[in-house]
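Same order as they appear, the protein sequences are chains A and B. If you're matching positions, the first sequence starts at 1 in the numbering used here and goes up one per residue. If you're matching positions, the second sequence starts at 1001 in the numbering used here and goes up one per residue.
Hints are not guaranteed to be accurate.
In silico lysine-lysine, PhoX-like type, Cα no more than 20 angstroms apart, as pairs [unchecked claim]:
(1) Lys1069/B with Lys1050/B
(2) Lys65/A with Lys1007/B
(3) Lys1102/B with Lys57/A
(4) Lys1056/B with Lys1007/B
Incomplete in silico selection of chain B near chain A, CB under 7 angstroms [to be verified]:
(5) Gly1001
(6) Gly1016
(7) Pro1018
(8) Tyr1040
(9) His1068
(10) Phe1105
Because the hints were derived from the structure by calculation, they are not lab data. Source: prediction; values computed, not measured. Where is the CB? At the ideal position from N, CA and C, for every residue including glycine.
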Amino acid sequence: EAAVTQSPRSKVAVTGGKVTLSCHQTNNHDYMYWYRQDTGHGLRLIHYSYVADSTEKGDIPDGYKASRPSQENFSLILELASLSQTAVYFCASSDPYQQYFGPGTRLTVL
Amino acid sequence: GDSVTQKEGLVTLTEGLPVMLNCTYQTIYSNAFLFWYVHYLNESPRLLLKSSTDNKRTEHQGFHATLHKSSSSFHLQKSSAQLSDSALYYCALSDVNTGNYKYVFGAGTRLKVIA
């Protein structure tokens, strides 16, 4: 069974602080993704990566950085967290025919 | 670029009535894969069904969809809605054959089934 894990599962951050969300996959997939989901909205792609040490911008990259130090790990970094970044964040890995999502991280910025 | 449109943001149905969630897409690639993902509250999105074959019905867990390339549609259907079907449903597209595994998701349709 494919496995994608995320940490932390929930976080409260202060405005202007730095936040790092981590994702780990044991699927041996090259592709990994970060999405955010807001109430009333669908999944929106922030960053993705198809090889270690390289990341690509998704549809809404502003205010976010990503890091892919290895095939298994993909982090999302908020250097200066803002209220508007309060959301649920999902990590996923994929093969050509399916995406496998992690459990999500609920981020609240106060 | 590629795009997926789900026009209905919310569909409310009485239990037992048929379900139809609409999905249309745009892509320049002839062999794109279309997907339906289901996202239950407090869970992760998971694949419900997928297809890349024109005019072939795909079924899973009581749901079915047929990819129609002529109309660029991949509507999700079920003959009889159940309370447990209440969830957020995403239609998605991927141009697998280009080697680009970037998935494009629609905005999602929330299905609410009431007794």
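Hint-by-hint comparison with the structure:
1. Restraint check for Lys1069/B and Lys1050/B: the C-alpha separation of about 14 angstroms stays at or below 20 angstroms, so the hint holds.
2. With a CA separation close to 31 angstroms, the supplied pair Lys65/A and Lys1007/B exceeds the 20 angstroms bound.
3. Pair hint Lys1102/B plus Lys57/A holds up; C-alpha atoms about 11 angstroms apart against a cutoff of 20 angstroms.
4. Proposed proximity of Lys1056/B and Lys1007/B is contradicted: the alpha carbons are some 23 angstroms apart, above 20 angstroms.
5. A hinted interface residue such as Gly1001/B counts as satisfied when its beta carbon comes closer than 7 angstroms to some beta carbon of chain A; here the least separation is about 10 angstroms, so the hint is violated.
6. For Gly1016/B, the suggested interface contact is broken, since its CB lies about 27 angstroms from the closest CB of chain A, more than 7 angstroms.
7. A hinted interface residue such as Pro1018/B counts as satisfied when its beta carbon comes closer than 7 angstroms to some beta carbon of chain A; here the least separation is about 24 angstroms, so the hint is violated.
8. For Tyr1040/B, the suggested interface contact is broken, since its CB lies about 12 angstroms from the closest CB of chain A, more than 7 angstroms.
9. For His1068/B, the shortest C-beta to C-beta distance to chain A is roughly 20 angstroms, which exceeds 7 angstroms, and the interface hint is violated.
10. This hint holds: Phe1105/B has a C-beta 5 angstroms from the nearest C-beta of chain A, less than the 7 angstroms allowed.
Hints 2, 4, 5, 6, 7, 8, 9 from the earlier list are contradicted by this structure; the remaining hints agree with it.
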